[in-house]
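Guided by the hints, dock chain W onto chain G, whose structure is given.
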Amino acid sequence: MRLAKNVKFREEKFGGVLFETRSEKVYTLTPTAAAVVKQVAEGRAPGEIAPALAQRFEADGTTIEREVKAFLAELAEKGLVED
Amino acid sequence: MNDSAASEALAAPLYVAWQITNECNLACLHCIEESGPGKAFSDELDREGALRVVDELMANEVPYLSFSGGEPMLHPHFFEMAERVTSRGSQLKVETNGHYLTPENCARLKALEVKAVQVSLDGATSATFGRMRVRGEFDRTLQGIRNLVAADVPVEINFSPARFNIHEAGRIVDLAYELGAASFYSGRTMFTGNAVKAWRHLEVEDADYVKYFETLAAKRDEYRGRMRVSYHEAGLLEELRYRLHHPAALLIILPNGLVKLINALPFVCGDLRRESLADVWANFRRAWHDPRVATFIDELAADPGATRGLHKWVRV
Numbered sequence: 001m002r003l004a005k006n007v008k009f010r011e012e013k014f015g016g017v018l019f020e021t022r023s024e025k026v027y028t029l030t031p032t033a034a035a036v037v038k039q040v041a042e043g044r045a046p047g048e049i050a051p052a053l054a055q056r057f058e059a060d061g062t063t064i065e066r067e068v069k070a071f072l073a074e075l076a077e078k079g080l081v082e083d
Numbered sequence: 084m085n086d087s088a089a090s091e092a093l094a095a096p097l098y099v100a101w102q103i104t105n106e107c108n109l110a111c112l113h114c115i116e117e118s119g120p121g122k123a124f125s126d127e128l129d130r131e132g133a134l135r136v137v138d139e140l141m142a143n144e145v146p147y148l149s150f151s152g153g154e155p156m157l158h159p160h161f162f163e164m165a166e167r168v169t170s171r172g173s174q175l176k177v178e179t180n181g182h183y184l185t186p187e188n189c190a191r192l193k194a195l196e197v198k199a200v201q202v203s204l205d206g207a208t209s210a211t212f213g214r215m216r217v218r219g220e221f222d223r224t225l226q227g228i229r230n231l232v233a234a235d236v237p238v239e240i241n242f243s244p245a246r247f248n249i250h251e252a253g254r255i256v257d258l259a260y261e262l263g264a265a266s267f268y269s270g271r272t273m274f275t276g277n278a279v280k281a282w283r284h285l286e287v288e289d290a291d292y293v294k295y296f297e298t299l300a301a302k303r304d305e306y307r308g309r310m311r312v313s314y315h316e317a318g319l320l321e322e323l324r325y326r327l328h329h330p331a332a333l334l335i336i337l338p339n340g341l342v343k344l345i346n347a348l349p350f351v352c353g354d355l356r357r358e359s360l361a362d363v364w365a366n367f368r369r370a371w372h373d374p375r376v377a378t379f380i381d382e383l384a385a386d387p388g389a390t391r392g393l394h395k396w397v398r399v
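Residue numbers (the numbering used here), protein chains in the order written: chain G, 1 to 83; chain W, 84 to 399.
Chain G extracted, bound-state conformation:
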């Protein structure tokens, strides 16, 4: 999985932004969402993202896995990531 061709990610103090330059649509991201997108942008496989974040945020692995999966599905549905 990677960011779609016309999508750019930038970290911000509040988390981050995803900018879809074809439609010029901007999505703001919470710190947790930005952490997920950063992992995607760095080329991490979906299965690697939840364990990495669970460790970083000291969160329950099952919960974060479920949330990451749902968030990645949302990104895919909006065409912001692609395989």
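Since the hints were made in silico from the structure, they are not lab data. Cβ atoms here follow ideal geometry from the backbone N, Cα and C, with glycine treated the same way. All clues given are correct.
Below, computed lysine-lysine pairings styled on PhoX-like, alpha-carbon distance capped at 25 angstroms:
no. : chain 1 : residue 1 : chain 2 : residue 2
1   : G       : K78       : W       : K176
2   : G       : K5        : W       : K193
3   : G       : K5        : G       : K38
4   : G       : K38       : G       : K13
5   : G       : K69       : G       : K25
6   : G       : K78       : G       : K13
7   : W       : K176      : W       : K193
8   : G       : K25       : W       : K176
9   : W       : K122      : W       : K280
10  : G       : K38       : G       : K25
11  : W       : K176      : G       : K5
12  : W       : K280      : W       : K395
Negatives, chain W to chain G, calculated, CB over 10 angstroms:
no. : residue
13  : K193
14  : A210
15  : E286
16  : Y306
17  : R307
18  : H328
Label pairs and their in silico Cβ distance ranges:
no. : chain 1 : residue 1 : chain 2 : residue 2 : range
19  : W       : R375      : G       : E77       : 41 to 49 angstroms
20  : G       : T62       : W       : S359      : 42 to 50 angstroms
21  : G       : A70       : W       : T208      : 50 to 58 angstroms
22  : W       : D354      : G       : T62       : 52 to 60 angstroms
Frame of chain G, contents of chain W only:
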């Protein structure tokens, strides 16, 4: 995940529209920038200054830039600047009149992986095109578009309506599709720049705009999934009133490094020859609250002709 971002919260702009030169081979009736042959600013950024600005934009992770003009491909360092943008991972759109889109230049644009090239095509026939785009060559522009398509560079077509070409609205969208464009853009032609002097030839009646946008709506549906048809129905005043409370995360850089608040206002909020991007961005966010900006927009409601003075810059 919210589908909006207040520019005030961002560390840097998301989009920079850079008019890299005011020089142009054409002298279009409606040119907002009053570009034309010999119209380069006397103080346009030199190579070193332009590349320094590119580097600063890249260092601040500005994800999306456009190069326009004037005719941007007349800039002596156009390709060097473009390469410096795309090689750093930002996306670049080039807005051109299409007269320099030779097969060789299109191949270079493809190699640079520009996001898209937007070509102005203000007529579906040589006669209407030539009336709007003075000194322009219709066939040469079409060939330039074909060269882009052949080189696999995404093409966007931009159309500015006037009283003498608006009847071609449907035909121009069809032509854009036949040429292989990925997108078609239009909106209302603004009463500013060269258009002020040529307004009697350009002005479109409200009733004609209604029909025009109906035609574009039908074309948007007709080409859905094949070519994106986008248009902006809002008038200038409506747009400015919205922007006053929701400034876009967009900086407009002029050929000499000055930075405008928005194209349709005369206000300049920075100078990249002397100030850092961070300082200009901070001032951009503050400047939208300057009372002179709201006052100008209010005055525009009473006198739409206030846009005559957009080139008399006011520092805020």
